[in-house]
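Colleague: Next come the chains, spelled out residue by residue.
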Amino acid sequence: MLLKVQNLHKIYKSGTHALKGVSFEVEEGEFLVVIGLSGSGKSTLLRCINRLIEPTSGIIEFQGKDITHIKGEELRQSKMQIGMVFQQFNLIKRKSVLSNVINGKLGSLGTFESILEKYSDKVYEEAYKCLDTVGITDKAKIRADSLSGGQQQRVAIARSLMQNPKLLLADEPVASLDPATSNSVMQYFEKINKELGTTVICNLHFLSLVRRYASRVIALRAGEIIYEGAPRDIDENWFKTIYGEEAEEVEIR
Amino acid sequence: MIKEPAMEIHPQNIIEENKKREHKYNLYKAILLDIFFVFYSILVVQRAIYYKFFLDLRELPFSWGEIIILFIISIVIGTSWAISRTSLSCKLFGIAKENKTTKWTVEIFAWFLFDITFIAGWVVTKISIVGLFSTEGLQGAERLFSALFHPQFGIFDDALFAMIETIYIALIATLISIPPTLLISFFTARNLMKENKISFAVYYILRIILNFVRSIEPLIWAIIFSVWVGIGPFAGMIALLVHSIASNAKLYSESIESIEEGPVEAISATGANKVQIVWHAVVPQIVLPFLSFTIYRWDINVRMATIIGLVGGGGIGTMLMQYQGLARWREVGLIVLMIAFVVWVMDYISAKIREAIY
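Taken in order, these protein sequences are the chains called A and B.
Taking the numbering used here, the leading residue of the first sequence gets 4, the next gets one more, and so forth.
Taking the numbering used here, the leading residue of the second sequence gets 275, the next gets one more, and so forth.
Treat the hints loosely; a few may be bogus.
Said to hold, decoys possible - Partner residues aside, some chain A positions facing chain B, computed with beta carbon under 8 Å:
(1) Asn93
(2) Ile95
(3) Leu199
Claimed, not checked - With a straight-line Cα cutoff of 25 Å, these simulated DMTMM-like cross-link-like pairs (lysine to aspartate or glutamate) come out:
(4) A:Lys98 / B:Glu291
(5) A:Lys68 / B:Glu539
(6) A:Lys7 / B:Glu539
(7) A:Lys121 / B:Glu296
(8) A:Lys98 / A:Asp135
(9) A:Lys16 / B:Glu296
(10) B:Lys548 / A:Glu129
(11) A:Lys96 / A:Glu175
(12) B:Lys548 / A:Glu76
(13) A:Lys98 / B:Asp432
(14) B:Lys471 / A:Glu77
(15) A:Lys98 / A:Glu120
(16) A:Lys96 / B:Glu528
(17) B:Lys400 / B:Asp389
(18) A:Lys96 / B:Glu534
(19) A:Lys16 / B:Glu291
(20) A:Lys96 / A:Glu128
(21) B:Lys471 / A:Glu76
(22) A:Lys96 / B:Glu629
(23) A:Lys74 / B:Glu539
(24) B:Lys548 / A:Asp69
(25) A:Lys23 / B:Glu291
Just so you know, these hints were derived from the structure itself, not from any lab.
Backbone N, C-alpha and C fix where the C-beta goes; we use that ideal spot for every residue, glycine too.
Here chain A stands alone, though its shape is the one from the complex (with noise of 0.2 Å):
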């Protein structure tokens, strides 16, 4: 068992109630997806995960630890060991790829070291290794916004590749890209969950893509889990009851 959530509750200042009482159980190898629509609380789910930000209570247990309500060094270790991918890259534009994709490794380096910006050679081997496994090394020494959306995403996989992650969070990762560029950034995360066997924990909202690459589905609506189970059995009527009455499937290939 990697990660354990059980009756998670999240209520932000504001007074919403983003997550009531989710439970779940992600084994390892897995590649989980997390379905719904905008502001049903999927990625408050995944910030709780890594801690960016404080559940309200609940139990979050990864490698049998629990880190719910864990501080300081302790963090900082158990989020060494889990990469996050997001739907706006995230990626310090003004800086090359290559000095984004170590920015991962920041948590294992010392201080005065990551502020000189003097790295070993064997960090700068383990970039390429990681910027070779996203197929974008010929990139490495150019600035970060001068590249397209897809190959952004790409060197932010690379960048949570350089923690080693056990687990890796992508919180909408293709939601702004287009179809045929969103397909092939799935393509390397299926290679990571495949190849180096992480786990990888997935927002969605493209059905066809969930068919396509999740081993198993999680649905939410208004914060609570309301589906459970294999991607081939979400049908017409359960797509009915996560998107509304109103929705209709929208293919993407």
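Given the coordinates of chain A, assemble chain B onto it according to the supplied hints.
Modeller: Quick look at chain B alone, frame taken from chain A:
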């Protein structure tokens, strides 16, 4: 085996409680603000409009007893008005009753406040069209302007040296201000300091100190330092330095507050520590605005340095002061011309540099 949560939580209760608490605080704030509004209107109507405008009294009668009575009256009116939930402040804090009475009182009172403020402002400023166009005044202005437009070039080399001194004063003040400003700005950026109580206290105290320092004009600082270190360019430089630090720290910290949160989130998700997050996610985003603000500050400082000279801060301002004291308007004309030229050039250069680095 996972333990049960230590305490059963009822989310609905938490939300309700938060709402109730906010409502209560808003009512307190509305009461205070309403008391202020009522007190302000009574004072303005009584003193500026009744005494000055209608009775045209030269000396206003003043007694603390009267003020206190008026204040007590406003407390009574303000409080009851706010509690009835139909006042302007209730509307401002979003706790007013939604009905016709509220709508009318709010609208009428808001206009009333604006009108009496404008009338009081007119009375206090002593606006006089007659003064602006009197023959005597116009003749004096004409004499002065004709001298200013026929500058005396005899003192050109002296003025040039004084001008160079001014530019250097401004430059050194700007350069020395950079390191302390950088340091302070990180501690006065809300988004970096809000996490725990101690750092938030530091943020709050630093902000208060900076606001205080900034609210004192460089002119006053120059007077203070010309007594402290003696009249001359050094006093002027320190005055500008103090003001530069206080003003730029605000601009810097505001640009830190307006950075994209995404990269910060991404770097902190990798398990980086606080220093690394600031260095790798915050700093790259603020280098350019910082540079731009600093160059702009140099430009401002050149302008200020001329003014500071008036109170003994050295440079061209001191020279301007001397010739103005002797009523030698043609020399003053030359100096004013030179200041205008240098300010224009500095403005142009700094705009160009700022354009280039973006």
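Colleague: So, for every hint listed, does it hold in this structure?
Modeller: Status of each hint after checking the structure:
Annotation: interface hint on Asn93 (chain A) holds; nearest CB of chain B at approximately 4 Å, less than 8 Å. About 5 Å separates the beta-carbon of Ile95 (chain A) from the nearest beta-carbon of chain B, less than 8 Å, and the hint is met. With its C-beta approaching chain B no nearer than about 17 Å, Leu199 (chain A) sits outside the 8 Å limit, and its interface hint is violated. Using a Cα cut-off of 25 Å, the hinted pair Lys98 (chain A) and Glu291 (chain B) is violated, with the two alpha carbons roughly 46 Å apart.
For the hint pairing Lys68 (chain A) with Glu539 (chain B), the CA-to-CA distance comes to about 23 Å; that is within 25 Å, so the pair holds. Between the alpha carbons of Lys7 (chain A) and Glu539 (chain B) the distance comes to roughly 23 Å, so the proposed pair stays at or under 25 Å and holds. Proximity of Lys121 (chain A) to Glu296 (chain B) is assessed by CA-CA distance (about 51 Å); at most 25 Å being required, the pair is judged violated. Note on Lys98 (chain A) and Asp135 (chain A): the hinted pairing holds, with a Cα-Cα distance of about 19 Å set against a maximum of 25 Å.
In summary, the hint linking Lys16 (chain A) to Glu296 (chain B) is supported, as the alpha carbons are separated by about 11 Å, within the 25 Å threshold. Straight-line distance between C-alpha atoms of Lys548 (chain B) and Glu129 (chain A) comes to about 24 Å, which keeps the hinted pair within the 25 Å bound. This hinted pair checks out: Lys96 (chain A) and Glu175 (chain A) have alpha carbons roughly 20 Å apart, not beyond 25 Å. Straight-line distance between C-alpha atoms of Lys548 (chain B) and Glu76 (chain A) comes to about 11 Å, which keeps the hinted pair within the 25 Å bound.
Of the pairs offered as hints, the one joining Lys98 (chain A) and Asp432 (chain B) is violated, with about 49 Å between alpha carbons and a cut-off of 25 Å exceeded. Taking the CA atoms of Lys471 (chain B) and Glu77 (chain A), the gap is about 21 Å. The hint holds against a cut of 25 Å. In summary, the hint linking Lys98 (chain A) to Glu120 (chain A) is supported, as the alpha carbons are separated by about 12 Å, within the 25 Å threshold. For a cut-off of 25 Å, the pair hint linking Lys96 (chain A) to Glu528 (chain B) stands: about 20 Å separates their Cα positions.
Straight-line distance between C-alpha atoms of Lys400 (chain B) and Asp389 (chain B) comes to about 17 Å, which keeps the hinted pair within the 25 Å bound. Pair hint Lys96 (chain A) plus Glu534 (chain B) holds up; C-alpha atoms about 11 Å apart against a cutoff of 25 Å. For the suggested pair Lys16 (chain A) and Glu291 (chain B), the alpha carbons sit about 12 Å apart, so the restraint of at most 25 Å is met. Between the alpha carbons of Lys96 (chain A) and Glu128 (chain A) the distance comes to roughly 22 Å, so the proposed pair stays at or under 25 Å and holds.
Taking the CA atoms of Lys471 (chain B) and Glu76 (chain A), the gap is near 19 Å; set against the 25 Å cutoff, the hint holds. The suggested pairing of Lys96 (chain A) with Glu629 (chain B) holds, with an alpha-carbon distance near 19 Å, which does not exceed 25 Å. Between Lys74 (chain A) and Glu539 (chain B) the CA atoms are separated by roughly 17 Å; this keeps the pair inside 25 Å, and the hint holds. Our distance criterion of 25 Å between C-alpha atoms is met by Lys548 (chain B) and Asp69 (chain A), whose separation comes to about 23 Å.
Only pairs whose Cα atoms come within 25 Å are accepted, and Lys23 (chain A) paired with Glu291 (chain B) is accepted, the gap being roughly 18 Å.
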